[in-house]
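Place chain B on chain A using the hints.
Line by line, the protein sequences are chains A and B. If you read the first sequence in our numbering, its first letter stands for residue 1, the second for the next number, and so on. If you read the second sequence in our numbering, its first letter stands for residue 1, the second for the next number, and so on.
Simulated from the structure, these hints should not be mistaken for laboratory data. A virtual CB, placed ideally from N, CA and C, is assigned to each residue, including glycine. Among the hints, erroneous ones may be present.
Here are some of the chain A residues that sit facing chain B, going by a computed Cβ distance under 10 Å [said to hold, decoys possible]:
no.: 1; residue: Ala9
no.: 2; residue: Arg12
no.: 3; residue: Gln18
no.: 4; residue: Ile21
no.: 5; residue: Val23
no.: 6; residue: Glu32
no.: 7; residue: Thr51
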Amino acid sequence: MKISPDRAARWRHDFKNQLGIVVGFSEMLLGEIEAHDRHRQDVEEIHRAATRALALLADLETEGDEDA
Amino acid sequence: MIGSLPTLLAIDDEPGILALVERFARRLDFNVICQEAGGSALALISDVRPDVVLVDLQLPEISGLDVLRAIRGVDPECAVILMTGHASIDTVIEAVKLGALDYLTKPLDLERLGALLTTVRKGIERRETLLKIDADVARQFEFEAMIGRSAAMQDLFDSIRRLAPHARTVLVTGETGTGKELVAHALHRVGSRRDRRYLTVNCSAVVETLFESELFGHQRGSFTGATDTRVGVFEHAAGGTLFLDEVGELPPSVQPKLLRAVEHGEVQRVGSLETKRVDVRVICATNRDLRAEAAAGRFRSDLFYRLSIMELHLTPLRDRREDIPLLVAAFVRECAGRMNRTITGVTTAAERALQAACWPGNIRELRNVIERACVLSESRILTEREILAAMAGSAVAIPQPKAAEPRLLEENSEPPDERLSSAQRAQIGRVLKQARGNKTEAARLLGISRRSLYRWMDRLNLAGVRPDAGGRLE
Numbered sequence: 001m002k003i004s005p006d007r008a009a010r011w012r013h014d015f016k017n018q019l020g021i022v023v024g025f026s027e028m029l030l031g032e033i034e035a036h037d038r039h040r041q042d043v044e045e046i047h048r049a050a051t052r053a054l055a056l057l058a059d060l061e062t063e064g065d066e067d068a
Numbered sequence: 001m002i003g004s005l006p007t008l009l010a011i012d013d014e015p016g017i018l019a020l021v022e023r024f025a026r027r028l029d030f031n032v033i034c035q036e037a038g039g040s041a042l043a044l045i046s047d048v049r050p051d052v053v054l055v056d057l058q059l060p061e062i063s064g065l066d067v068l069r070a071i072r073g074v075d076p077e078c079a080v081i082l083m084t085g086h087a088s089i090d091t092v093i094e095a096v097k098l099g100a101l102d103y104l105t106k107p108l109d110l111e112r113l114g115a116l117l118t119t120v121r122k123g124i125e126r127r128e129t130l131l132k133i134d135a136d137v138a139r140q141f142e143f144e145a146m147i148g149r150s151a152a153m154q155d156l157f158d159s160i161r162r163l164a165p166h167a168r169t170v171l172v173t174g175e176t177g178t179g180k181e182l183v184a185h186a187l188h189r190v191g192s193r194r195d196r197r198y199l200t201v202n203c204s205a206v207v208e209t210l211f212e213s214e215l216f217g218h219q220r221g222s223f224t225g226a227t228d229t230r231v232g233v234f235e236h237a238a239g240g241t242l243f244l245d246e247v248g249e250l251p252p253s254v255q256p257k258l259l260r261a262v263e264h265g266e267v268q269r270v271g272s273l274e275t276k277r278v279d280v281r282v283i284c285a286t287n288r289d290l291r292a293e294a295a296a297g298r299f300r301s302d303l304f305y306r307l308s309i310m311e312l313h314l315t316p317l318r319d320r321r322e323d324i325p326l327l328v329a330a331f332v333r334e335c336a337g338r339m340n341r342t343i344t345g346v347t348t349a350a351e352r353a354l355q356a357a358c359w360p361g362n363i364r365e366l367r368n369v370i371e372r373a374c375v376l377s378e379s380r381i382l383t384e385r386e387i388l389a390a391m392a393g394s395a396v397a398i399p400q401p402k403a404a405e406p407r408l409l410e411e412n413s414e415p416p417d418e419r420l421s422s423a424q425r426a427q428i429g430r431v432l433k434q435a436r437g438n439k440t441e442a443a444r445l446l447g448i449s450r451r452s453l454y455r456w457m458d459r460l461n462l463a464g465v466r467p468d469a470g471g472r473l474e
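Next comes chain A alone, as it looks inside the complex:
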């Protein structure tokens, strides 16, 4: 399926926003919960995955730019 570059850019922008929200909230939670809290590891996983997803998105953007 082919999509227009404008639409692709908008999707990337929206996607980045959503991931940014996940990273931001998990970051705040990590600042609030104690080191020995049983939820801490879970939140760390969420934060790590969302940060990784943001990095992937950045790679995708670079590749898209190169293809163009």
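Structure of chain B alone, referenced to chain A:
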């Protein structure tokens, strides 16, 4: 500590971002207002008066840069932080030109946002601390409802302390609005007559034909309408103080009688042959040059000399500008208290405008401007815009050419363009002439430091201004 929480207005079309910013800024003790569109946010600005705005660059309808421009028009001192998914050099430059505090890329770096919000909070705290110091200093330099740390005011307070216990007559002179009535009241309050009567007669408000009766009283039937015997203010104030305001307006027919009352303590009611002795301290005030009036034959010389044995001259506000911050702090405190509002003072830019104005109506005018600004304002600190609006409402605040002057000379600012430069040259030239070439005095009149004055003269190539050249440039 800030009197109430600082306010952050967050604008983004993504509700999740707003929720994140709200949660984060509340933790930093900010009051947060969220808006999803630029238009609705701008409608709120003048009511909400945020201390800081965080706005997304790419908003539907109105862009973040347009929001920034509009905020600059409404409240130039509001800090604005832009955020965007894609920062381009052009938009960054434009944002910086428009005075944005910073530019954040998404995903938001919360640590950096936190540092920026802390900067904003510290700026407010610093300003409020300074304003509190001004208010405290004003209290220290308050004497009988008058405020002044300037040498002129300290001398005046000393004179009042010295004269109050002894002087029988005092003439208080000074321009309109300089506080002559306060001085008269202080002389009464500080002296030994403080528990006796203090009466005021405004000589410009009394009908000429009734003057004598007002001052000295009348006997029943002494003239048409005199249905009862009436005591005049001199007799009424016996043992106390009588303040004759605007004494220059006293009709010539009454002047010899006043002289007799002041010199010998003798008064005679209209229609009575009996002379009564009264012990009254007489304080007179005028904004006219009574010496010139006497020389021109419009005021009795003997009365003038009798009244002016002790003369207190009040310095106009423009010649004691160092007192302006204290007066402003005191008036803001007074107005805020009366209006039951939390207003802590004025912004730095507003203070500069107040310092640079010429104040022909003196303290009364300054007080009116502050009062008007307090009524107009919704914020905790009165802004330059509110102060200028209040000045515009003042009949005599700043003549047109001067209205722009407070903005023309700013410390550490660059001459912006040729048009302004010529206005600045004219202003500096005029003030240098007024100060007879004395740079220290000229800098004081302009409300800037001497170093700044030299810097401006250098930039504007003003080294050749001769004090006797009428402010013209060579």
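Each hint, compared with the structure:
no.: 1; hint: Ala9; verdict: 8 Å, holds
no.: 2; hint: Arg12; verdict: 8 Å, holds
no.: 3; hint: Gln18; verdict: 7 Å, holds
no.: 4; hint: Ile21; verdict: 4 Å, holds
no.: 5; hint: Val23; verdict: 5 Å, holds
no.: 6; hint: Glu32; verdict: 9 Å, holds
no.: 7; hint: Thr51; verdict: 9 Å, holds
Violated hints are absent here; each numbered hint is respected by the structure.
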